[in-house]
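Student: Sequence:
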Amino acid sequence: MIQNEVERDCSERMKEKFEFLFEPGFIKSICHHGRIRTIEADKQIIGIGDDIKHMPIVLSGSLKVMTEDVEGDELLLYYLEFGETCAVTLNCCTKKTKSTIRAITETTCEIIMVPVEFMEKWMIEFSSWRNFVLDTYNNRVNELLKSIDLLVFNSLEARIEKYLQDKAWVTNDSILNVSHSDIANELHSSRVVISRILKKLEKQGLIKQGRNKVELLKIKLG
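Going by the numbering used here, the residue at position 18 of the sequence shown is 18; the numbering climbs one at a time, nothing skipped.
Hints are supplied without guarantee of correctness; some may be wrong.
EDC-like mimics (lysine to aspartate or glutamate), calculated; alpha carbons at most 20 Å apart, straight line [said to hold, decoys possible]:
(1) K43 x E23
(2) K17 x E74
(3) K64 x D51
(4) K162 x E202
(5) K213 x D182
(6) K208 x E157
(7) K213 x E143
(8) K200 x E161
(9) K162 x E81
(10) K213 x E157
(11) K64 x D182
(12) K15 x E81
(13) K64 x E81
(14) K64 x D135
(15) K64 x E40
(16) K121 x E202
(17) K208 x D173
(18) K218 x E157
(19) K43 x E16
(20) K28 x E157
(21) K199 x D182
(22) K96 x D51
(23) K203 x E161
(24) K213 x E84
(25) K28 x E16
(26) K43 x E7
(27) K213 x E202
(28) K43 x E74
(29) K15 x E110
(30) K96 x E143
(31) K146 x E81
(32) K146 x D135
(33) K28 x E84
(34) K64 x E202
(35) K64 x E143
(36) K28 x E40
(37) K17 x E7
(38) K146 x E161
Don't read these hints as lab results, they were simulated from the structure.
Sequences are here, hints too, so could you generate the full structure?
Tutor: What follows is the structure in structure tokens.
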């Protein structure tokens, strides 16, 4: 009885959010095998080197996806929001390899965790899932190409501005709880350099700084 109630609640939530995207048969199947979880901000749900048993699809909130170089320094790849999943995780699931990314909740998130053993079966059975997976790969490749362009052709100052704007967008808040060290870690830079550039942006009237806080003064939120 409890299992039926859980599936019924999941089905209602999935139809509410994804009826436009997924066919009814797939929603029924994903709710039978998957589970909806609510996770607080700043919690790791996938770690580098993990065996991936479940793949997250975001129902609300946002996740950040990070990678690491050989020295253990982190770099922010992209954010995941409503209706999105991680292309790198999809790739690891398909090839049955260990995770090469770290996924951390940026805000409190509601996520449906999908067992990876059903992914290939669903690719054959449900066209909506197949299209979702292919669109996810395409969107993430485009995002990564934009990130490469930003790294190669733009200054660190431009990267910091985009980082702050993206973070404000996903949290829907112009006041960011973030330290200079956090920004340095995620942009693969040094705290001293980040501090100097943030001071410059503050003098330009673009931001206002506080203790472990940055307020964006000129940005439109969603």
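Student: Given the hinted pair K17 and E7, is their alpha-carbon gap at most 20 Å?
Tutor: 15 Å, holds
Student: Next pair to validate is K43 with E7; report whether the Cα-Cα distance is within 20 Å.
Tutor: 25 Å, violated
Student: Are the Cα atoms of K213 and E202 separated by 20 Å or less?
Tutor: Holds, at roughly 12 Å.
Student: With a cut-off of 20 Å on the C-alpha distance, tell me whether K64 and D182 pass.
Tutor: Roughly 13 Å between the alpha carbons, so the hint for K64 and D182 holds.
Student: Between the alpha carbons of K96 and E143, is the straight-line distance 20 Å or under?
Tutor: Since the Cα atoms of K96 and E143 sit roughly 24 Å apart, the hinted pair is violated (cutoff 20 Å).
Student: Measure nothing beyond the straight line between the CA atoms of K208 and E157; if it is 20 Å or shorter, mark the hint as holding.
Tutor: Holds, at about 16 Å.
Student: For the pair supplied as a hint, K28 and E40, confirm whether the alpha-carbon distance does not exceed 20 Å.
Tutor: 27 Å, violated
Student: With the threshold set at 20 Å, check whether the alpha-carbon distance from K213 to E143 stays at or below it.
Tutor: At roughly 27 Å apart (the allowed maximum being 20 Å), E143 and K213 break the hint.
Student: Keeping to a limit of 20 Å between CA atoms, is the pair of K203 and E161 held or broken?
Tutor: Roughly 14 Å separates the two Cα atoms, so the pair holds.
Student: Next pair to validate is K146 with E81; report whether the Cα-Cα distance is within 20 Å.
Tutor: With a Cα-Cα distance of about 18 Å, the restraint between K146 and E81 holds, given a limit of 20 Å.
Student: Are the Cα atoms of K200 and E161 separated by 20 Å or less?
Tutor: 11 Å, holds
Student: Does E110 lie within 20 Å of K15 when you go C-alpha to C-alpha?
Tutor: 15 Å, holds
In terms of the numbered hints stated before, the structure departs from hints 1, 2, 7, 16, 19, 20, 24, 26, 30, 34 and 36, listed from lowest to highest.
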